[in-house]
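Novice: Listed below, chain by chain, are the residues.
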Amino acid sequence: MGYDMKEITMRDAIREALWEEMERDPNVFLIGEDIGTLGNIFGITTNFIKKFGKERVRDTPLSESAIIGCAIGAAMTGMRPVAEIMYMDFMGCCFDTICNQAAKIRFMSGGKVSVPMVIRTNCGAGFQAAAQHSQSWEAIFMHVPGIKIAIPSTPYDAKGLLKTAIRGDDPVLFLEHKMLYFTKGFIPDEEYLIPFGKADVKREGKDVTIVATLAVIPKAIRAADILAKEGIDAEVIDPRTLVPLDKQTIINSVKKTGRVVIVTEENKRGASSAEIASIIAEEAWNWLKAPIKRIGAPNTPVPFSPPLENYYIPNEEKIINAVKEILST
Amino acid sequence: MGYDMKEITMRDAIREALWEEMERDPNVFLIGEDIGTLGNIFGITTNFIKKFGKERVRDTPLSESAIIGCAIGAAMTGMRPVAEIMYMDFMGCCFDTICNQAAKIRFMSGGKVSVPMVIRTNCGAGFQAAAQHSQSWEAIFMHVPGIKIAIPSTPYDAKGLLKTAIRGDDPVLFLEHKMLYFTKGFIPDEEYLIPFGKADVKREGKDVTIVATLAVIPKAIRAADILAKEGIDAEVIDPRTLVPLDKQTIINSVKKTGRVVIVTEENKRGASSAEIASIIAEEAWNWLKAPIKRIGAPNTPVPFSPPLENYYIPNEEKIINAVKEILST
Amino acid sequence: MEITVEDLLDKYKTMVKIRRFEEKVSELFAKGKIPGFLHLSIGQEAVPAGMRNVVKKGDYLISTHRAHGHMIAWGLDLSKMFAELFGKETGYNRGRGGSMHICDPNSGALFASAIVGAGTVIATGSGLSAKLRKTDQVTICFMGDGATEEGTFHEGLNLAAIWKLPVVFVVENNMYAISMCVKNAMLCEKISDRAKAYGMPGITVDGNDVLAVHKAFKDAVKRARDGGGPTLIECLTYRHHGHWEGDPDYTAEVYRKREEVQEWLKRDPIKIFEIKLKEMGVLNQQIIEKIEKEIQVEIEEAVKYAERSPLPDPEKIIEDVFSTTDGV
Amino acid sequence: MEITVEDLLDKYKTMVKIRRFEEKVSELFAKGKIPGFLHLSIGQEAVPAGMRNVVKKGDYLISTHRAHGHMIAWGLDLSKMFAELFGKETGYNRGRGGSMHICDPNSGALFASAIVGAGTVIATGSGLSAKLRKTDQVTICFMGDGATEEGTFHEGLNLAAIWKLPVVFVVENNMYAISMCVKNAMLCEKISDRAKAYGMPGITVDGNDVLAVHKAFKDAVKRARDGGGPTLIECLTYRHHGHWEGDPDYTAEVYRKREEVQEWLKRDPIKIFEIKLKEMGVLNQQIIEKIEKEIQVEIEEAVKYAERSPLPDPEKIIEDVFSTTDGV
Ligand SMILES: Cc1ncc(C[n+]2csc(CCOP(=O)(O)OP(=O)(O)O)c2C)c(N)n1
Ligand SMILES: Cc1ncc(C[n+]2csc(CCOP(=O)(O)OP(=O)(O)O)c2C)c(N)n1
Ligand SMILES: [Mg+2]
Ligand SMILES: [Mg+2]
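Residue numbers (our numbering), protein chains in the order written: chain A, 513 to 841; chain B, 513 to 841; chain C, 95 to 422; chain D, 95 to 422.
Think of the hints as simulated: they come from the structure by calculation, not from any bench. For each residue, glycine too, the CB sits at the ideal point set by N, CA and C. Honestly, I wouldn't trust all of these hints.
Said to hold, decoys possible - Straight-line alpha carbon distances no greater than 30 Å define the calculated BS3-like cross-link-like pairs of lysine-lysine that follow:
| hint | chain 1 | residue 1 | chain 2 | residue 2 |
| --- | --- | --- | --- | --- |
| 1 | C | LYS309 | D | LYS290 |
| 2 | B | LYS566 | A | LYS801 |
| 3 | C | LYS277 | B | LYS566 |
| 4 | B | LYS562 | C | LYS277 |
| 5 | C | LYS228 | A | LYS563 |
| 6 | D | LYS316 | C | LYS284 |
| 7 | D | LYS372 | D | LYS360 |
| 8 | B | LYS830 | C | LYS284 |
| 9 | A | LYS759 | B | LYS830 |
| 10 | D | LYS290 | B | LYS566 |
| 11 | B | LYS836 | C | LYS410 |
| 12 | B | LYS768 | A | LYS836 |
| 13 | D | LYS228 | C | LYS277 |
| 14 | A | LYS562 | D | LYS277 |
| 15 | A | LYS718 | B | LYS801 |
| 16 | B | LYS767 | A | LYS768 |
Said to hold, decoys possible - From chain C, some residues computed to sit far from chain D (all C-beta separations above 12 Å):
| hint | residue |
| --- | --- |
| 17 | LYS225 |
| 18 | ASP230 |
| 19 | GLU243 |
| 20 | MET269 |
| 21 | TYR292 |
| 22 | ASP303 |
| 23 | LYS309 |
| 24 | ARG352 |
| 25 | GLN356 |
| 26 | TRP358 |
| 27 | GLU368 |
| 28 | GLN379 |
| 29 | PRO404 |
To be verified - Covered stretches of chain B, as calculated for chain A (at least 3 residues, CB under 8 Å):
| hint | segment |
| --- | --- |
| 30 | 578 to 590 |
| 31 | 614 to 627 |
| 32 | 639 to 645 |
| 33 | 710 to 721 |
| 34 | 768 to 781 |
| 35 | 811 to 818 |
Isolated chain A (complex conformation):
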């Protein structure tokens, strides 16, 4: 990339994006539970309140609808709020405010007002946090018109996408998989932005396409590395944003490989993988050499006990088996 690089965690990449955007634009402010004094439960906003003050780093009561509603009203009147919902699971407590208000206001006004706001939240299982602190609900928000969705899998993507999200004029749901917070990656010292709607080919390959998201990306890459040893050359695609979705990169890959496995951590039924599979079945059918294969979590709430949770979360083994299965068709 021609820049000086440094290696940092996903958490710190998100910190940097927020910090830099708040320095750059006085209209950016943060609102959410335990983001100020505590600095977020994962330390994302540690020291932000010292630097930017409590007017711009706003600790709220436990009122998720008010957090989102407040962000909406501020966004409509010239500010650029970044709201935090502590866990994605709690978005059920402000679902109306997100889906019937934030996502629809521009449209309902006839395009006369913008709602430039970002909702950050953490999703995903892996911490034995059980059924109400571990969910992946991206498919739900993908279905509701009017909200963009970023799903970074690396520190680099997280920082670049978050900056784009904050500067954009639309509501954005920014998903942080909690198991990725402490994974590391390189990012440039220089400022950079990553546009929405551009998938990233995380690994090139010619035999099979693996489309994966969030915490599944590192697993898909590891699976591809293992498959490579057996002479199977897998391409790993990370959509990076679900809305807009870069259909073209996915379709081009499928046209090249003829075979596709789509893996996400969501409950399989009605997952974002279903939308991606459907697009392929509609628009790249002629190039398919085997059935499409989807991997997801079973259609159960997230269980607590470690062996149950391990079984629940898609892993390398399942990806490898799926690839082998469709290669043998």
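With chain A fixed as given, assemble chains B, C and D with the ligands onto it according to the hints.
Specialist: The following block gives chains B, C and D with the ligands in isolation, referenced to the frame of chain A:
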């Protein structure tokens, strides 16, 4: 069917199911906004309060979370509540209570408690009721494990499915498309139940499979009748319940016809049609003779103005064009 | 209370304008000329009129499904309102919204949500925004009595209170949320009592007395503008029509007793104000006729404008989802 | 207040049992033997102990993420509780729930939700159910101070009030919702003041004085059982540990000042009760040692039971979604 039949509207079929179940089982009660004195905004529960009294036909304040929460607590302790959310769009106001509580309690308790409750609501566009009173959110609830979903398209199905829902031991979302309330159909005088998870072939055909839901069913049948005049023999399948989904009937039909169009009124991205298309792409790919075709609403909120709303809602013409398109592949 | 003759007459005109506008809407709806769901505020006109000449340019308005009166009092143009009701491209929302959502963000009339209670939390945001930008803008947030039963009411009012946001929450207590009488929906005596749970001043006024409403608005807006934080104003009023045009109660008295309706019809806010203004010597039959005539002309021209306006182009709906069409 | 010696000792034992149980949990967590999120109620034991011998068989309990104390006071078995914390098949929730969700519907301990505020609306349902079935069952619904900021609090309490449901809402006000001090989250003086918005009796008691708590429970449960409707009880207390095991505040005082913590440690509810019981001549060092010994044995055996228990079979998780596996 061997019974004496009568022709009634969908609304009256739903009325009958509720009335009979309340007569049969004293543990069944109704809870919701404007269902008592007013008898529901569409007249579904007119006179119920006179017959069953206000203890069992409970008008509530405007508190959707409390309506659902109250139903949950009652269901866990021996009652069989039938809750009404006036419009499906308002399910955003009780999303957590439905998806994180009702749908998960059995699982989280280790299977030790049942939550036998039904949530009735009306969905769909067509009344120029705009973005917050016209939505079809079935895909969203289909994705959340723990809640069954009935999607009747005829009075016969509505009555039989609602009775099954009330007698079952699980949370059920019972969807009534508002444009179907006054459509008529025959139902037997005798009592009958319709099991969940059994699709109904609304029209047999051999050239192409049309899977449709709710208010799209009558349109799909009309489209099939028009196509028949041109010598195209379409099979129309109504899943009747989305959870459980009768995959087998759909797959068998696709194996027979080799071609499939899936049509629902939902926003196309992430619709229930995506899940159905994915299942076909995974499990019936070998029998497909053409790409899968999906029809949905554009990915916009529901617009108010009649020409906009007409454009938004899938219609016969779009179905016919899609069928012709995949038949020419 | 000090109030100028101009202001008095302006309030009177506003009330008559809202009334005649909605009568026309009712008539056109009955003829099948207006599609969708209509909620009229006939009988409640004193509440929005009370806001006139209290708010100023730069202030914000957040409203509900029953918003025609609020929007007219805010100064919206009847032509573009009718155009919206007709679903025309020239309507305020370019036909995307309809009656329940008419708004005009450019003049500060930010949004009208038909999800009961949704506005309270959004109002905290325009309030906070003014505070952060250090302006003296005030947000007026209207809601019905039923809205105070929603969880968002609780969250919104609490947040506004603890952050001392410049918001005035106005409850139009017309005693019913569709068929649910507020007396059956809460045990506290007045809705304004609920303000105490948020440490916020709450006041109940006769919502059919435009001057009482005006006074309450004046105090609350002043407090908000001066950094004193939010206020809850409860205005006791009554809708003459059904909940929606078509509500069986309007003719069949399903949930409201004839005597109750009769009683409130006698307390028509326009009639009451008319008598008072006549007593004050500010109004007479001649002025009334002039006002009525002007309004009639304005409405007729507005309807004509709306009728002549083009319908929106369906293919364009994808343009209004996001700021660009990427990802629609 | 009349209270038997047995009852006094039972309450004391319950408090010690909760304390020792959670100390053990904390220790096992630190050793990495218990997975997941843990919220301990050390310092708050007087609240659940106050409920002892007030509720009876058939009553219902709805709880939160911080439920160990409630469940022990309800009479749950420590073995199955530890088994649940260890994620074992023999746990109350068969390893599906973990610390935040331990419950035992069979004994009326219906559910523990980790969505703050979710319980209040569910409690209206078990309350209504008892009313419809014409039993005298009472529902106890615990929550934290933070829960009173959620919309569900408003909707749940209002519904319980207007329908006079037999529910006792108990707020364990430990002054913090994670790092948010309740004083910054509301302007009214006491949380119990909020009951007025629902026309419901509200009372604030010293939550570290088990007898004061007991008295409040007794009155509220009696009222509920006799058809007098719900009550809101606010118990002022304090958690000694961090919000969750691992909360940096526990050692680094991120949001709670050292002096404040010290002050509350002095007011340890077990210590206070011990002194009082000794003064009353009900307790002495010998009895204390006996109680401690018994509890120690019970805990050791419970941990052994949990350790020896089998892990659940992953393939079986699809069996618990619905009443049958159809449609999973
Ligand atoms: C969340 C939600 N619940 C229910 C409805 C249906 N509904 C529309 S208006 C209304 C009554 C509102 O009553 P109130 O707030 O008193 O306002 P009013 O109609 O009397 O002006 C109801 C129940 C809705 N639109 N949104
Ligand atoms: C709806 C929701 N919002 C936020 C959280 C995260 N969270 C878990 S416990 C907690 C604090 C709860 O405070 P309080 O109700 O006072 O109970 P305490 O933890 O003090 O016992 C928070 C914010 C949650 N679980 N649910
Ligand atoms: Mg009202
Ligand atoms: Mg607390």
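Novice: Need the status of pair B:LYS566, A:LYS801: alpha-carbon distance at most 30 Å?
Specialist: 62 Å, violated
Novice: Non-interface claim for C:MET269: all C-beta distances to chain D beyond 12 Å?
Specialist: 15 Å, holds
Novice: Test coverage of the segment 710 to 721 of chain B by chain A using CB-CB distances below 8 Å; three residues minimum.
Specialist: It is violated: at least three residues are needed, and the segment 710 to 721 of chain B offers just 0 whose Cβ sits closer than 8 Å to chain A.
Novice: Can we trust that C:GLN356 is non-interface, i.e. its beta-carbon lies farther than 12 Å from all of chain D?
Specialist: Consistent with the label, C:GLN356 stays out of reach of chain D, its closest Cβ about 28 Å off (over 12 Å).
Novice: Is B:LYS767 within 30 Å of A:LYS768, Cα to Cα?
Specialist: Measuring from Cα to Cα gives roughly 27 Å; hence the hint holds.
Novice: In terms of Cβ atoms, is chain D entirely out of 12 Å range of C:TYR292?
Specialist: For C:TYR292, whose nearest Cβ neighbour in chain D is about 6 Å away, the distance does not exceed 12 Å, so it is violated.
Novice: Measure nothing beyond the straight line between the CA atoms of B:LYS830 and C:LYS284; if it is 30 Å or shorter, mark the hint as holding.
Specialist: 54 Å, violated
Novice: Given the hint that B:LYS768 pairs with A:LYS836, does the C-alpha gap stay at or below 30 Å?
Specialist: 28 Å, holds
Novice: Is D:LYS228 within 30 Å of C:LYS277, Cα to Cα?
Specialist: 25 Å, holds
Novice: How does the coverage statement for the segment 768 to 781 of chain B fare against chain A, requiring three or more residues with Cβ below 8 Å from a Cβ of that chain?
Specialist: holds (count 3)
Novice: Quick one, are C:LYS228 and A:LYS563 close enough, alpha carbons at most 30 Å?
Specialist: 20 Å, holds
Novice: Would the non-interface assignment of C:ARG352 survive a Cβ cutoff of 12 Å against chain D?
Specialist: 26 Å, holds
Against the hints set out earlier in the document, violations occur for numbers 2, 8, 19, 21, 30 and 33.
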